[in-house]
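Residue numbers (the working numbering), protein chains in the order written: chain A, 1 to 559; chain B, 560 to 959; chain C, 960 to 1407.
Think of the hints as simulated: they come from the structure by calculation, not from any bench.
Certain hints may be false.
[To be verified] Simulated pairs of lysine to aspartate or glutamate, DMTMM-like, Cα-Cα distance not exceeding 20 Å:
| hint | chain 1 | residue 1 | chain 2 | residue 2 |
| --- | --- | --- | --- | --- |
| 1 | A | Lys341 | B | Glu803 |
| 2 | B | Lys774 | B | Glu815 |
| 3 | C | Lys1116 | A | Asp274 |
| 4 | C | Lys1116 | A | Glu74 |
| 5 | C | Lys1178 | A | Glu188 |
| 6 | A | Lys170 | C | Asp1156 |
| 7 | C | Lys1116 | A | Glu276 |
| 8 | C | Lys1116 | A | Glu206 |
| 9 | C | Lys1178 | A | Asp111 |
| 10 | A | Lys341 | B | Glu924 |
| 11 | A | Lys341 | B | Asp755 |
| 12 | C | Lys1237 | C | Glu1224 |
| 13 | C | Lys1178 | A | Glu197 |
| 14 | C | Lys1178 | A | Asp199 |
| 15 | A | Lys66 | A | Asp111 |
[What the hints assert, rightly or not] Derived DEER-like restraints, expressed as beta-carbon distance ranges:
| hint | chain 1 | residue 1 | chain 2 | residue 2 | range |
| --- | --- | --- | --- | --- | --- |
| 16 | B | Thr752 | C | Gly1142 | 28 to 38 Å |
| 17 | A | Ala126 | C | Lys1317 | 46 to 56 Å |
| 18 | C | Val1295 | A | Glu276 | 26 to 36 Å |
Glycine included, each C-beta is placed from N, C-alpha and C at the ideal position.
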Amino acid sequence: MKFSQSALALAALGVVVLSSPVPSATDAVAAESGAATAPADPAVLLRLSPSQYRHSIHDIFGASIKITGRFEPETRSEGMLSVGARLASITDSGLQRYDELARGIAAQVVDERHRDLLIPCKPQSATGADAACARQFFARVGRMLYRRPLAAHELDGIVAAAGDATSVLKNFYGGLQLALTEMLISPEFLFRRFQMEPDPERPGQERLNAYGKAAELSFFLWNTTPDEALLRAAESGEIHTRAGLEKQVDRLMSSPAMEDGLRGFFADMLEFADFETVSKDPAFFPSYTLSAKLDSQEQTLRTIVDHVMVREGDYRDLFTTRHTFLTRSLAALYGVPLVDKTENGQPQRWLPYTYPEGDPHAGILTHASFLALHSPSGRSSPTDRGKALRELLMCQRVPPPPSNVDFSVVQDVNSEVHRTARDRLTAHATEATCAGCHRITDPIGLALENFDAAGGYRTHENGAPINPAGEINRVKFDDPIGLGQAIRNVPAITNCVARKAFAFGSGRMPVAANPEWKQISQAFADSNYNVLALLREIALSDLFYAPPAATTVASTSAR
Amino acid sequence: MKNRCVINTRRGGTSALTIAARSMLLGAPLALFCTASVAETHGYVISWFATATYNQNWKEACPEDRNGGGLQLNIRNFMDIGFSREEATDMANNPALPNREELRERVINRAIVNGKHVNVYNYPDAVPDPNIETVTGPYAYGFDLGGDSAHKFIDPETKQKVDNQLWRAVGCTESYRAAPPQMPYPEELSWNTMTDSALAWAIQISGEDLGRDGKVTVTISRVLQHLERDASGGIVSGATYVLEPVTRSHNVLQGEIKDGVLTVTPADIYLEGEMPYFAEIAIKDAHMRFKRRDDGKLIAYWGGYIDWKRFAYMYTARPANGADTMGIYHAVKKMADADPDPATGQNRMISATYRMEAVPAYIAELNGNVVAVSSRGPAWGAQSARVAAADDRSPDAANP
Amino acid sequence: MKSSVAMLARRRVLRGIVAGAAVNVGLPLFDCLLNDNGTAFAATGAPIPTRFATWFWGLGLGEADWRPKVAGRGFELPVQLQALKPFQDKLNLFSGGEVFLDGQANQTHFSGVQGFWTGKVTGAGDFFSSVDSAISGVIGKTTRFRSLEVACDGDPKASWSARADGKQPAEVSPAALYRTIFGPEYRDPNAAEFVPDPTVIARRSVLSGVKDQRLALAKGLGAADRAKLDNYFTSLRALEQRLEIQLQKPEPLLACTRPDAPPEEQNQAVSLATDAMKRHDLLVELLTHAMACDQTRVVNLSITQGMSGLRKEGDPINHHTLTHEEPIDPVLGYQVKCAWFQDQYMQGLATFAGMLDKVKEGDKSLLDRMILFAYTDHGAPRLHSLRNYPFITIGSGDGRLKTGMHIPRPGDVATRVPLTMQQAMGVPVSEFGTESNRVTSPIEEVLA
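With the rest of the complex left out, here is chain A (with noise of 0.2 Å):
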């Protein structure tokens, strides 16, 4: 029955059905280019990363759905995950944690507990097929699941599908349950989409298709999949219309979701995907608690959207500013008080926390989730420190090491010489071959040094007194308040971020001499660098929506 709706498929698309049921993808291009035009510029697909799926299940199914198992490894490329996310495909071990994954979603949407909610309809005979209702399910969870309406054809296959499983279970709840794992598993919901379409306004010019903008907006604002208002809006082609796309953008803008969309953003950016292979030795730093990495995480989140959303202030100014947020145990890694009146055995609340003026913690460069996340389990890296800060917040590419660096010139580090890492790292400043790429990195790292490799406080290393100055484009400074107030100033900092919010969205990093791209920095300066703004201004842009050939594709060469 599937092959003869495959046939009726392909016969609809114009392609000759070859004597094979399944034409590998070549043959059908062959086939295919004999029939209609190849496109100009070719579609692509961009894998969803592990919060956009769970986000979208939750916003789909509810977030009673647990979502149990692991995700395939994300790919950084450009210094984002969403770059990345372009250059990936599913592996077979890949292929199989999706499928675990989805096999748990399917179960419970159609378990007692649920199906009355999340299906609209009862089947005649529970033992059954009931193909009517089947299609009332799949239609409306389909288009939510492919964030476009199913083609007659796919909603015709998979109520199809679901009913040859009934008939093997007995079970019409069963058989909905198989065909939407295999919905759950396949490229339609797994990866997006960025389709082209011929552009009316502008003949012989292509634009991106009305599902492909509210999916491009939605995963960009809220991290999440398009919600109904959204899809109508690209229903009805309103989203194409200028008036249409701002009000689709004001309307998630002003909502609290946006949360989630600046969450998903900055953890791409600050690569917090890389806190799962963090550990701290606890001999070293028992203050480092689980509870205290996981909330390192969430302080910088938390202090950032409250910054950029809440308060929208200078983005520049998450450098110096002494407002965070700390629960007690992060309290006692830093080793400062927080009163939280919390009843006994409760969870431990978020309190809002103001450093005293003159307290060395100012700025996310303070923050555990930079300090520890950018060191090894034993003690600190300036190095490390150092170019993370370039590279993550600066978009600023260090080179490798040299791979035939001697380092002999290194004396015994349990020398009473090195004891401190400022000592250790006096050859990387004193010789010539190590100087060049060093003085770029270790300078900032250096300034860091009172906060050991777990974030803590500290004034000695080995008995020997710290001293945090340190340098950053030939600005100096005397302490991590210093740093913090060097790096405010750095152009750098503001053009990055902006690069990264656009490649959050798109999949790609902005040209940066492409004149929709300077206006749209110009608009974020004028707005004395308010995230939101600049959100704005991207959501709003052409550059945003153009094709990917418009745009600096990501390199070959991932991280």
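Chain A is fixed; fit chains B and C onto it per the hints.
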């Protein structure tokens, strides 16, 4: 001397903490600027608390060595319900004993009151005194409480003559054959059960300049939170705890730091606890001595008179710890050395010593005021005798 | 693959089975499920399959010269490999092999492996089609898992196994690996009864529906994205095949026993070498059982990435940093702290070999019937050298390799060893590698 210094940490914090923070960060002696006089207060929470043990030399302490362990206890118990020593020995050594449950019931209900068999844990006095071996060696931790000079021990650390009849009673039992960081086994079980939920005990030490010898005030109270664990299973330093606003656990003692040791003017103290651990710490005429390590941790001994029945209740109320509950009950009762009951003459209190450790912590009030800071600076008395961080046991800690 | 008509007939056969009845399904096998090696096992006396395991440790064997003086048999095992002494007769040690950069940058802890394991040194992070995947592409077609990848330090990216679509992520949790292999989908070869799971039957029929949408999905995509989709469908075929296998009654395997489930780990990431090796031991136990139960014939293990971040308890400095900073002891001639790590790793290799050797399959052990191939990122890591790579094989691959030898190949291209492995395992290749790393003949003296 009881100036309570207040550091305001609400938003728009005052400059007090700035100076405190700065000087703390530079490791210099603190000088908090407060309402009236210049003083500082360091905060702690008690992170380890148990009966003080001394097990350096078992032969010397318990020359008869007849108490034995769980096996011998079972033999004695079977003998108590009528078996001969040979029979009892076979039974105790038989892992596949057929009527184990029934025997257990008989052992537990072997006491006889008014002609009826009753549970020994409810009626320990109805069980004949097992007469376990008690300590005859010379050493135990403690303080001179003015007790009977015939029963004194020598404190291995201070070399003073001290009263510690509790140690005499329990020091030859298997349960008390432990050395820090291990607690006596039944106490360790209870501690680990309670520590993640029971309200913690806090200590505040105030003085003009805690980096130097001088007079101090020691306040011991209870807080509203349980202890926070750290990544290695210990208790984290630097967490913040909020004092119980309405409490029975509030003790203020006068003390002095001299040559790196803090001692107090003896006083009665009371701390509310939680079963099955110490239901309360109630010490009459409590003597204390504290030392501080370079990482800020306190190690202390507290000694004084405690209600012996309260102590024994820890065992009779929760008997499953492999301890010789009846033996301990009767030994403690016998060794009780103070406060005779006018009617019976039985002493109601017993001299005892506890050992405790405390980690630095911030202590605050419910209104948000931080009244004591967590200080990880050097040990007391920079010029005086200091305890190195590695030495977290008393100088003669044993390895059993 | 088979024609559509036959596939339809198959589906009808599947639908005809009454749910839950114990049957011998007796399905005609797909063409692609049969291969030259045959499919019957020990119980029937037919050939037992040969397996291949790869085992990666980071940061080589240190700065001292570990090469034995003697070539061929009877060589003295270097001190760095003393843990492997019990297996000396079953192992081969290759030395001297080199990876050539042909002008590309030396990406430390990467270019060497990229060179000899994929055959191509590029200046970028490409890593496709590793040697183990060439082997699993031949011998892994009939098993439930084409191959299994694991890592011991909690990092899923510490994997050197790559198919056409890139690196396969490593499993880092022994508990999860157990569930994957021996969880609800496991079919015990030695179970008395076999009941095909009706859910799997039903699923099989549904899955084909997705495949039929393939053409529509590929429409309008550029070449790179069509390739992505092709990779997806390759993965989907593997999923399908697993379902197929679940519906077949497995042949009994005398050597197969189901292990106990390991406990859940507290932390995914570990930073102490001893913790990583504990996890290693749990993982190799599962892999041993997986191979004995023919759930897979190729397994790949990495202790860490090349740049091992592991530490010794009490020391804040990790192995990688030590290779650069620890001075070479003037008397001993090597870095003492680094040597401790190497010992930890090698003891793990000995543990794995020992477990494999204890599994009796007919007259030989599982170890004898396989090749366990151990390799590293730099022979001498301090200066990121690409010369003198050590390769170790343990096991003869059921007689395909001669063993007990030291094979010095000073200055020879390192890719010759992986080529030899591929040929030994039946991959029909006569050459491997590109440009200066290209080889067209194996190391004959080690091939039986």
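Each hint, compared with the structure:
no., hint, result
1, Lys341/A with Glu803/B, "holds (11 Å)"
2, Lys774/B with Glu815/B, "holds (4 Å)"
3, Lys1116/C with Asp274/A, "holds (11 Å)"
4, Lys1116/C with Glu74/A, "holds (10 Å)"
5, Lys1178/C with Glu188/A, "holds (12 Å)"
6, Lys170/A with Asp1156/C, "holds (14 Å)"
7, Lys1116/C with Glu276/A, "holds (11 Å)"
8, Lys1116/C with Glu206/A, "violated (39 Å)"
9, Lys1178/C with Asp111/A, "violated (36 Å)"
10, Lys341/A with Glu924/B, "holds (10 Å)"
11, Lys341/A with Asp755/B, "holds (17 Å)"
12, Lys1237/C with Glu1224/C, "holds (11 Å)"
13, Lys1178/C with Glu197/A, "holds (13 Å)"
14, Lys1178/C with Asp199/A, "holds (19 Å)"
15, Lys66/A with Asp111/A, "holds (12 Å)"
16, Thr752/B with Gly1142/C: 28 to 38 Å, "holds (35 Å)"
17, Ala126/A with Lys1317/C: 46 to 56 Å, "holds (51 Å)"
18, Val1295/C with Glu276/A: 26 to 36 Å, "holds (33 Å)"
In summary, the numbered hints that this structure violates are 8 and 9.
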